[in-house]
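Residue numbers (my numbering), protein chains in the order written: chain W, 1 to 280; chain V, 281 to 454; chain C, 455 to 870.
For the record, the hints were derived by calculation from the structure and aren't laboratory data.
Hints are supplied without guarantee of correctness; some may be wrong.
Mimicking SDA-like on lysine to any residue, the simulated pairs with C-alpha atoms at most 20 Å apart in a straight line are [said to hold, decoys possible]: (1) C:K852 to C:I808; (2) W:K255 to V:A326; (3) W:K250 to V:A298.
Computed footprint of chain W on chain C; a stretch qualifies when at least three of its residues, placed anywhere within it, have a C-beta under 8 Å from a C-beta of chain W [claimed, not checked]: (4) 640-649; (5) 688-694; (6) 701-709.
Here a beta-carbon is modelled for each residue, glycine too, at the ideal position from N, C-alpha and C.
Listed below, chain by chain, are the residues.
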Amino acid sequence: MIKTKTILVALTLALGLSAPALAQDHSAPHIEKQNWSFAGIFGTYDQNQLQRGFQVFREVCASCHGARLISFRNLAENGGPGFSEEQVKALAAEYEVVDPTAEGGVRAGVPADRWPSPFPSEQDARDANGGSLPPDFSVLAKARGLTDPFPFWIFNYFTGYSEGGVDYIHALLNGYHEEAPEGFDLPEGKYYNDYFPGHAIGMAPPLSDGQITYEVAEGQTEVPLTLEQYSTDVSAFMMWMAEPGLVSRKETGFKVLLFLVLFAGLMWATKRRIWAGIEH
Amino acid sequence: MATQAQHSTTRRDFLFVATGAVGAVGAAAVVWPLINQLNPDASTLALASIEFDLSAIEEGQSVTITWRGLPVFVRHRTPAEIEEAKAVPLSDLKDPQTDEERTKEGHEQWLIMVANCTHLGCVPTGESGDFDGWFCPCHGSHYDTAGRIRQGPAPKNLVVPPYEFISDTLVQIG
Amino acid sequence: MSEHSTYVPGSAAEKWLDERLPVARFAKEHLMDFPTPKNLNYWWTFGAILVMCLGVQIVTGIILAMHYTPNVAMAFDSVEHIRRNVNGGRIIQATHAVGASMFFAALYIHIFRGMFYGSYKAPREILWILGVIIFILTMATAFMGYVLPWGQMSFWGATVITNIFSAIPIVGESVLQLLRGGFAVGNPTLNRFFSLHYLLPFVIAAVVALHIWALHVPGNNNPTGVDVKSSRDTLPFHPYYTMKDLYGMVLFMIPFAWFIFFAPDILGHPDNYIQANSQVTPAHIVPEWYLLPFYTILRAIDFNVLFINSQLGGVIAMGLSMVALLVVPWLDTGRVRSGLFRPMFKWFYLLFVINFIGLTYLGAQPAEGIYTLLAKVCTAYYFIHFFVVLPVLSRIEKPLPLPTSISESVLGKAHA
């Protein structure tokens, strides 16, 4: 009896907890999951990848997309791309930031400043992009997701799968077609993408093979200059922007779980000792 | 029998003490972050140290800037003011400090001080008072040209924050 | 249970205090020596686990309120500020968010435990009703808390749920405006939800105190459902149940910590990482999982019944689903409490649980095709269980023979 009930409750919980995941569109094409270095219990960011991703972001994405919750100083913080404080200071100084207290209303950036917006207002951003608003990147990697078919989404609760957003972004960047499939009515100024909901996306294919030249620092392995590589790198960077404390969170979590298991063992022994000799 | 009973008591005690100790460690590990969150956050700490360009301040001028949320006086002193400050014998001072102790060597013309009166925290007005320095209108404290307390209820000289010169015109405060 | 007191002041100071404010006596009688049936299983630890959950939510919530800004322009960013800049903020925020789900997981287990073992039956009706009130208050609190991060799901959840009140005949529109403080969900709504979200947990804590008071009058029910007959049936609460409950809490913290540290967002919805936008509705609006069963009931009524239109009908059905819980002590009138001794009830209970899971699942599905039909079937069965199955079972079911006492049942099990 106890066993059946245990299974029942486990099922209730699993079903209940996972139901929201089911709510997403089932007609979306299958998104290939990538092997991210930051997935799983021991996941950490790959510093070199984040640096490359930052380069892609800065040279390509940042001309239209903002990242208002990111400060320059974040780039030098632990668990991130690992730039030095001097590098970040120099980088920040290259940007002009709006500061009503400064002379002329703008001044050179300092590490404490937020990443400046590419457009002065939302309306300006729309006007420059054919009416579409390029979304802010700060938490975008967590604002997207993908849906696994039943029963695979249940396993996600046990594997802690939290990379749906980057998997989607990676797929999106690789999902452009030069021409829409026959019979698809693509509106003027839109592009066809396999993974974008409704397929008609306002963003032109942003990345292409050989577009960016990565600087290879000493001791770093050279990576191919391909769309696939760029999109993987920038997706990883977007994950870091959305979850800059991921590495320390998982490290702490590992310690906490170890502690809890040990403590639960001790509590179990203590409880048993106290109950020893009691019929119950 | 007796030894066995004693033996099991010791083992039981050990288990209870171990469980209690581990539990206490866990509780402390939970409580600390709950307190530590009250400390200044990363965005506040990022502004704990600022750089300030002095080149725009003419001799005899002063500006008030903000550092860690506090007003800070940056005064470009005239040679006369410096001389006046240096001429004061330490015995005349309530809070004895030489002018050299309140400025950086080679940059004596720059006086950088937190602009809160050491009495109860009002902002004193500049180039006033009986000692040509600052005068606090709230309760009548007079400071000299080195920001030292000379008369009135304030107990201490105006506070000099930690700062250093990165170059002749660039100073890092904090 | 504890008519004769076990407390004897140990010193003059204790005696002095005891004559003025008998807190030590109270603690000794109700926290230490309280006679508790010796056969409670681990399902009974969820009461203590829920107290812990409430404590965790209150402590982390007070901390979050120190850093949060309840303003439509700043709320979203201030939550991100907590995650990014506040010391330990990501963990504290995740604990609060995951904590809501864990709270409801424990709450549902606690409720279903009570339903299986007949813990609502006389003389524990008030205890049960207070529990249902706590459940409703907790749902209200959780709903308002979910609005505070001001993401897309926050905004549209608030819009949809407050719209429920517009179903009230004649005064609906006025009530709606009164609740929102405007013609649509906006800054006044966010501000009042923040205020109430802060207030309600303390109200819940007060009702919890009453709940425990009502528990300590008749004492605990137990897996056999047989009343305590003598002191041989019970154990003092401390150290037996303090340790057992603590052990249950530590075990409960393991999945709790798993979600906080390794998948803090998996229980939420990605759309809530998009700032609220009154111009764009997300493709699917889904409440948090713990509200889904009742959301399904709300949506299931998509037809008019006589003069009641479908919107009002849905609201009435949802209200009735709560009323069913409140009045269940008078629907299930059989004298045997525990499902263990009710051969037919056992199966209907199982069916009810599966049906409830079905309601949860359907709440997350788009309201189209087969789902709308299934939602109607499950909703109907929910009410059939309460208003038909339980009263009928009470009359026709022949319960198994009960053990004469708890200690006898315990001995029987030990020897089997």
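**OP:** Compare the distance between the alpha carbons of K255 of chain W and A326 of chain V with 20 Å, and conclude whether the hinted pair is satisfied.
**Re:** 29 Å, violated
Original post:
Are the Cα atoms of K250 of chain W and A298 of chain V separated by 20 Å or less?
Top reply: 27 Å, violated
**OP:** Examine the segment 640-649 of chain C for residues whose CB is less than 8 Å from any CB of chain W, and state whether their number is three or more.
**Re:** Violated: only 0 residues of the segment 640-649 of chain C have a Cβ under 8 Å from chain W.
**OP:** Confirm or reject the coverage of the segment 688-694 of chain C by chain W under the rule of 3 or more residues with a beta carbon closer than 8 Å to the chain's beta carbons.
**Re:** As far as the segment 688-694 of chain C goes, the hint holds, because 3 residues have Cβ atoms under 8 Å from chain W.
Original post:
Given the proposed pairing of K852 of chain C with I808 of chain C, does the C-alpha separation stay at or below 20 Å?
Top reply: With a Cα-Cα distance of about 24 Å, the restraint between K852 of chain C and I808 of chain C is violated, given a limit of 20 Å.
Original post:
Do at least three Cβ atoms from the segment 701-709 of chain C come closer than 8 Å to Cβ atoms of chain W?
Top reply: As far as the segment 701-709 of chain C goes, the hint holds, because 5 residues have Cβ atoms under 8 Å from chain W.
Violation of the numbered hints given earlier is confined to hints 1, 2, 3, 4; the remaining hints are satisfied by the structure.
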